[in-house]
Every structure is written in structure tokens, then in C-alpha cells.
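Visitor: If you want the building blocks of each chain, they are given just below.
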Amino acid sequence: MDDVPFLHSLVDALGSPLNVLLPHRIAENADGFHSVYRKHHLTGRVYFAHKANQSSSLVRRLAAAEPSTVGVDVASLGELQHVLGCGVSPDRIMATGPKDPDFLWLAALTGVTMNIDSPGELEQLAMLIREFALPRADVLLRLSGFEAATGPGASGVKMLSRRSRFGTPLQEVGALLDSVERHQDAVRLTGVAYHLDTTGLPEKAAALEQCVAVMDECRARGLDPRVIDIGGGFGVGYLADAGQWQRYTTELANAVLGTRPALTWRGHGYGLRNEGGTLRGNPALYPAHRPTAGPGYLDELLSHPAPSSGRPLATLLLEHLYDLYCEPGRALVDQCGLSLARVLDVRRAGQDSGDLLVRLGMNAGDVSLEEHGVLVDPVLLPRTGTAGTDDVSADGRVGVYLVGNLCLEADLITRRKVFLPRLPHAGDLLGFANTAGYAMDFHAHRAQRQPIARTVAVVRDGDSWRWCPDEEYWPVKRPGGPVS
Amino acid sequence: MRYDSITEAIGNTPLVRIDQAVHGLRHIDLYAKLEMLNPFGSVKDRAAWNMARPGLAEAAERGATVVELSSGNTAKALALLAGMYGLRFKSVTNRMRVPEIKDLLLLLGAEIEELPGQSECLDPTDTEDPLTRFHQALAEDGNAYLHTNQYFNPRNTEAHAVGTGPEIVKDLGGRAPDWFIACVGTAGSSTGVARALRDQDPGVQVVGLVAHKSDFIPGIRTIDEVHQVGLFDPATYDTMESVTADEAIDGMLTLIRRCGLLAGPTGGAAYHGAVRHLRTVDAELEESGTEPGPANRRTAVFIVCDRAESYLSYVRQRRPELLGRPPQKNSAAALTDAEVQAQAKVVDTDDARRWIMDGQPRPLVIDLRGPQAYAALHIDGSVNIVDELFGELVRGGLPFSKRQPVLLACPVGEKSARYAALLTRMGHPDVRSLSGGIVAWRDAGAPLVRD
Chain A
126 MDDVPFLHSL
136 VDALGSPLNV
146 LLPHRIAENA
156 DGFHSVYRKH
166 HLTGRVYFAH
176 KANQSSSLVR
186 RLAAAEPSTV
196 GVDVASLGEL
206 QHVLGCGVSP
216 DRIMATGPKD
226 PDFLWLAALT
236 GVTMNIDSPG
246 ELEQLAMLIR
256 EFALPRADVL
266 LRLSGFEAAT
276 GPGASGVKML
286 SRRSRFGTPL
296 QEVGALLDSV
306 ERHQDAVRLT
316 GVAYHLDTTG
326 LPEKAAALEQ
336 CVAVMDECRA
346 RGLDPRVIDI
356 GGGFGVGYLA
366 DAGQWQRYTT
376 ELANAVLGTR
386 PALTWRGHGY
396 GLRNEGGTLR
406 GNPALYPAHR
416 PTAGPGYLDE
426 LLSHPAPSSG
436 RPLATLLLEH
446 LYDLYCEPGR
456 ALVDQCGLSL
466 ARVLDVRRAG
476 QDSGDLLVRL
486 GMNAGDVSLE
496 EHGVLVDPVL
506 LPRTGTAGTD
516 DVSADGRVGV
526 YLVGNLCLEA
536 DLITRRKVFL
546 PRLPHAGDLL
556 GFANTAGYAM
566 DFHAHRAQRQ
576 PIARTVAVVR
586 DGDSWRWCPD
596 EEYWPVKRPG
606 GPVS
Chain B
34 MRYDSITEAI
44 GNTPLVRIDQ
54 AVHGLRHIDL
64 YAKLEMLNPF
74 GSVKDRAAWN
84 MARPGLAEAA
94 ERGATVVELS
104 SGNTAKALAL
114 LAGMYGLRFK
124 SVTNRMRVPE
134 IKDLLLLLGA
144 EIEELPGQSE
154 CLDPTDTEDP
164 LTRFHQALAE
174 DGNAYLHTNQ
184 YFNPRNTEAH
194 AVGTGPEIVK
204 DLGGRAPDWF
214 IACVGTAGSS
224 TGVARALRDQ
234 DPGVQVVGLV
244 AHKSDFIPGI
254 RTIDEVHQVG
264 LFDPATYDTM
274 ESVTADEAID
284 GMLTLIRRCG
294 LLAGPTGGAA
304 YHGAVRHLRT
314 VDAELEESGT
324 EPGPANRRTA
334 VFIVCDRAES
344 YLSYVRQRRP
354 ELLGRPPQKN
364 SAAALTDAEV
374 QAQAKVVDTD
384 DARRWIMDGQ
394 PRPLVIDLRG
404 PQAYAALHID
414 GSVNIVDELF
424 GELVRGGLPF
434 SKRQPVLLAC
444 PVGEKSARYA
454 ALLTRMGHPD
464 VRSLSGGIVA
474 WRDAGAPLVR
484 D
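For the protein sequence lines, the chains are A and B, in the order given. Sequential numbering from 126 applies to the first sequence in the numbering used here. Sequential numbering from 34 applies to the second sequence in the numbering used here.
The reader is advised that the hints may include incorrect statements.
[What the hints assert, rightly or not] The calculated lysine to aspartate or glutamate pairs, modelled on EDC-like cross-linking and capped at a C-alpha distance of 20 Å, are: (1) A:Lys-283 x B:Asp-136; (2) A:Lys-283 x B:Glu-146; (3) A:Lys-283 x B:Glu-133; (4) B:Lys-246 x A:Asp-480; (5) A:Lys-164 x B:Glu-447; (6) B:Lys-435 x B:Asp-476; (7) A:Lys-164 x A:Asp-502; (8) B:Lys-362 x B:Glu-421; (9) B:Lys-246 x B:Asp-232; (10) A:Lys-164 x B:Asp-370; (11) B:Lys-246 x B:Glu-200; (12) A:Lys-542 x A:Asp-502; (13) B:Lys-246 x A:Asp-424; (14) A:Lys-283 x B:Asp-162; (15) A:Lys-283 x B:Glu-144; (16) B:Lys-123 x B:Asp-156; (17) A:Lys-176 x B:Asp-156; (18) B:Lys-246 x B:Glu-258; (19) A:Lys-176 x A:Asp-216; (20) B:Lys-203 x B:Asp-234; (21) B:Lys-378 x B:Glu-274.
Calculated from the structure, these hints are not laboratory results.
Assemble the whole structure, with the sequences as input and the hints as a guide.
Guide: Next comes the structure, spelled out in C-alpha cells:
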């Protein structure tokens, strides 16, 4: 964001909103995860959960990474086609999520590893393989429902977990393994998997230890699985300063309780509510400051003692000779890109209101900060020559609400009041750091025929930057080409 | 003292003066109300008994389970009370972060459920927090539970308004103290005691202590969390101040090492918060020229909520040096990497296989991995001694004869090299480490068995 004229030239040429991606960054992030593997002497791949971002440049950059260390996790037929087209070989691809027959067929045909969700899906896959005389498929079994488990890996304390739609409950794993044995002509069991939607280490530790127990049972049955896939959910820290986050959440609670002026549009409580002076509800916010996130979180998990045996989880994996797979999405695209929006208009909300509205060439779907509970402050990138000294408050900062380009009352980029160093002017840019990696592709839409953000890949070129459309990026040095 | 039931021993706890030489306040007498001497070990005995008492007999009739959202002391008291009435007790919490307390509760027969951590991928349409869901579940199944509801139950506060508070007044010769300092958890004890003291003397100053927002002190809420407590009313407190985990441990150390009071970190936080607050007031009294004589003395009371024993791992995590022991002899961890490299004899998979087959005598193969990993796959004929146990064994000396060659194996050959170096240094002539460990052995296609 230091090169403001460059960013302005991009938006001038390509329109607002605009997503700017840094493909080299995703490879660095993958390497960050691998350094944790190395520290614990573990082998296995880091799979990029493709659903986090539609971009081609990111997948192509990963395709160019060391094949034994990085793969891609695809959750739809379209993603599988895209990843194959980006040059990722099938042995580095894993198919997860809900699968229809077309997706299963193409995955089995090309030799992609299948992360099997249920006994029904295993049956369906085995039938397809026989019907079309496809090669034997490598499968991982996705497990769930670790809370009620007994046997090795269970502890005296029952750990409740959010119910998941995915995976086979641990209690039914016996029948699932019977099914694997029955279909040995069609499938080869290579491991087990889980994905828990939680930031809590103890829940993940219990699941991992219980997966080791299931793997041992597989070995006892004469199967030879090698891999435990621990899914993703390693998190991203959006804010470096813990104190800032603590002060904000305290003041948000005070605002909901009515002991200070509102911090949000129409006193929105982000899930908190005031019931007779007592604060109820949970803040529906992503923990913007996390003491450990991404590779740090993986390190903490692997160092965490298994609840039953007390051995650190990495030691457990290593001693049992199991490889580790993980599937970070958000954490792999951390700091991979920013979203830019042009300021279109600045005005007061009304005669009797002190609220200032800044209208952007972007809508809530383009960054979907609210959908993800992410509260990042945008950075003001002034258009040269527009900086004035008017409208500056005593401390130099001004609180505004960011509204979008849709003709809908609800279209706020974020419902909280945002504080900028000065009142922006039409033509300035706001840059949302670290949102083009994860927060952009889930909700962007063409409502009211507003343009969806274009995405460009940028690479460093000496002291300056070079750019190309995302779909034109290939990680190859080309003399004279747009991007090397 | 003869009682028919242990519940009769709840309450009537001592009020003990803290030596002026320890706290250094010149004009103020500081007293500790020793709630840790309740029969189940904490201030929560009073509230638990007062809340549960009316419903226990009826709950026993219908075979109900006693339920509470508690991270420790209330659960402990309720579990014991439930047991006396033949009832089951279940604690639901996401705040129980002290392992000893979990184990103790399991020993008491409690069932513990931990609430899930926060979702990594937020669902903004999900407006219900786990606690709300928990309350819904209790309401649905109305007959099966006796929910004491400590954060909202007025009988929690009442236990202190009729018990703890009046006891303090009685022990101070019928006078209320000038200051009352209490940590805020459920707000039950602070609110109840404050009410009783102000009935006696409306001028009592009440100091509420909360945990620093980023810190965790068992039994105390942070400034945000107190707002979620139904019994919490900001008007109860003349001032709210926060204490860090470090300060709580400092206070606890003072109470233990200098006052003979075996207090836990919550009591430590109360002591630290009390002295910090009173020091300012004491200085003002000093400046105003008040004589420190008996006529002008003020009094302050703080609560020692529970005992230290359950928090050793809490202390170990934050201040390991307080539990420090001198370095062990024969410790593998004490070797530097260079020493390991210089002194460990290593042998690769091929040589190891030949040695095992043809050695004269053949080496003893020791697998240092965990027992389950060993059971799943191991080198034929090897012995499993898990590394932690092996470390304990060698601390006392060589656990096998010097004439017995030994091959040590671990997952990647790192721990085994460390022990090979240590045993060599201890005088064993032929201990070797399997280079690359069991992983390299497997990758070389050498046989592994399960028997």
C-alpha cells in the first residue's frame, strides 16, 4: 500500500472494486506451515482449501511449489477442473465436501484422493469405479462426533462440540471399515480425516488422538493407512495489538449496555444484547487478535498433549509412523491480497444526525466483512492533490459509516463506525488489507448489475510492481511478458 | 464440636488479622475472612448449600440430576451435596482450565461437559450462544434437572447477606469495616456481604476486583464477563479494579509464605487488590496527620476464597521457577546438541539389521515410543520402554549390564541419539542409536511386526 499512485492507476484502468493478489505470498505461507512440520519431524502435504479463493494465480503459484509438500483440496467439480487446468497433478489433489456423481467420476478417473463423507458415498464411489472400470481410488475417511467416544483417546471429561453436517460419527466407524474391506477391489484406504469448526485446541486434540486409535484399528484389520488429515481452521490474526481488540470489545459491550455512545450503525450489537442491564448473547465476531494463528496454531496443536496418553500430538503421530495432512484455507491466503474501493460521495446522514456517510464503489458482498465477522479498518489512499486541511477533527480522526453502491438500506460495508485520519474526498481510495485472500469470493454478486470486482495478480519488479489479470498469471519467467 | 451432618460445618469461618509488618499499612487493620476453611474448601459452600437445600429432597424423589455452570468450587460443593442425597451432578462450563479441578470433580463423581470453543468460520445468522442452548435444553427437559443457576439465583447472594456479612460484623465487635474488598465471580459473595455491611453502616466502601481482560484468574470474571452475570449490579461497588494473574500469584505467595494462610490465587488477587487500593488511602491518612493510634484506626476485610493445592499446575504454567527443583543428574535434556553429536554412536537400518541377526552377543533393542504406537508396529523382539520412563530409569544409573549391547530406537532417531550419548557418557561401552529411527527403518522396507 506504499505505492499509492500504482494502486490508483490500477483502479482507474480496471474499475472499483478491485482485488489485488500477491501470488508469491501463498507459497511463503505454505512454507510457514512446512517449517512446523519440519520442527516436529513430520512429513505430509499441506492442502490449500480452494474454496477460500477462486483465483487462478494462487493455485498456479502453488502448482509450481515442491509437489511432495503442497496440494489442493477441491470441494466441487468446477474447482477440480480448475485445479487440474492449473497444472496440479491428480496425486496432489484431494476431493472433499458434498460430491455429486459427476464430481466423483472425474475425481476417480483422474486418480484424485477422495475424502469420504459417509458409508453411502463410499458405496456410490465403489459402484462408479466398477461400472466404468476406473483405477482403484485412494480414500480417506472423514470422521466426526468425537465427543461421546470411549476407548483409547477418550478422557473423563465430555467435550461438547458443535454438530457438523459432515463426516461419519465415530461410533459408526466399525461399519464404515467393514464397507472399506468389502470394496477393497475398488478403493484403497490411505487414512482418516476430520475437520472441526472450532478455535478450541482441546477439541482438536481429542479428535486427533481418537483418529490415531482408529488408524491402529485399521492396521489390526490388515489395512495399511498412512495419513491423518486434520482439516483446517488454524485462523488468521487480523490485528497485531491485543489491547486494541480488548478495548474495542469492552466498549462494544458498554455501548450495548447503554453506558457509552453507539459504536455501530443504529446500535447494532454484533450478537450481544441488553436484557435488563445484564449482557446476553455471544459476540458474533471473528477474534481479530489471536495470540497464535496459522502455522503458530498448528505448532501449538502439535505440541498439545493428547488428552488420554499425555504424549504431545506430534510425538503420537510420529511414533505411530503416520503422515500429517492439513487443509488451511484462510490461513494460507493470509496477507495474499487487498480490496480497493473508490470513494464516490461523502455526506451527512441527515440534518439532525452527526453521522457521516462515505459511499464507496463497492458493496457489502464484495468484501463481506459482516458475513465473516471481520472488523478491519480500511487504509485511506488519497488521490494526489485532493488532500485538504478541512474537515479534520481535533484529534485528526473522523468517524464515518461506509455505505455501499446498492439501493438497499442494509448495504453497509461494515456496520461499525470506522475512524479515518481525515474525512475522505471523492476519488480517494480505501484499501481493505487482507480481505482479498478470504473475505471476497463467498458472497460477491451482480445484484443491480453492479460490477463484481476484477482480480489482478501483482509481482515485485525491482523497485516497482508489475500486474496482470489473475487469469493471465503463470509462475514462469517470461522475458518482456506482463508478469514473471 | 459435634455435628450430625457436614453441612452444619458450613460458615462461621475465622477472621484473621494480617500482620502489619507484611502489608505495611500504618492506619488500617487488614483482616482476611478465611472462606477456604469451609468444609468443602471454599466460599462457594455457602451459596451451593443455600441454593440447593430447598430442592434437594424433592429432586431425590424424582431422581433428578443437579446441574450448574461452574468451573470449580461451586461444582465441587454441589457434587458433594448431591452425593449426600444420592443424586448425580453435572457441571457444564468452558472456563475449567485447571486440570486438578477436573480430576477432583471426576473423583467426586461429577459429570463434566465442556462447551465448544468459538467457531472458526462464523455463521452470522447464528444468534444463539452455547449457553443459551444449554438453558433451552434445561427448560425442555424440566423434570430431569435441579438447576441451581448461581449467576442469577438470589439465594446465592442471600447466603452471604445472612451468613458471611453478619459474621464479619460480629467478629469486629459489632462494627462494619471501613472497606470490604472482594473478587467478583458470580457477584454473590460481594453483593451479599456488601448488603449486610451497609445495613450496619452505609459508609462502607466496597471494592470489586476483576481479572485483567487478557488474563485468567480462576474464579474471577473479567470486566466484560461480569456484565453477563445476573447478580452483578455496578451500583454495589464504589470502585472496580483489575488484577493480573501475576499479581494474584504474588498475593498468594505473600499469604502462604508470610501469613501462614494456604490461599489460592483468588485469595491472592483479593489480598493484592486490597493492599494496592488501601495503600493510597493510607498515604492520605498519613498526610492528613492522623495519629496511627488505636482511636483512629480503620479496618478493611478481604475474602480468601479457597486453597492453594488445586492450583499447582496453574502456578507451574505461569511461574515454573516457584516450583523449581535443582537440575537432575543423568538427564538427557541437559546434553547440548554438540555433545549428542560427538558422543552418540549411530547405526543405520542395514547395519542394525545385520547387528541384530549376527551380533555376538546380539543387542537388546529398546523402543522408546509410546505403548500404543509400539503395539501397532515394532521391530521384532524389541522391548518397549517409553522415553519418559527410560529417562527416570537412567537417572538412578545404568539399567542394564555393560556387557549387554543396546540398540535404542525412537521415531526419527533424535531422542535415541540423546539417550545413546547419555548412556555412553555414563560409561556404557556399546549403546547405539538407530539412525533415522523407526521411520527410516520402515522406509527402507525393513520388517515391522505387531504381536
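Visitor: Please name the hints from earlier in the document that this structure breaks, with their numbers sorted from lowest to highest.
Guide: 4, 6, 7, 9, 11, 13, 16, 21
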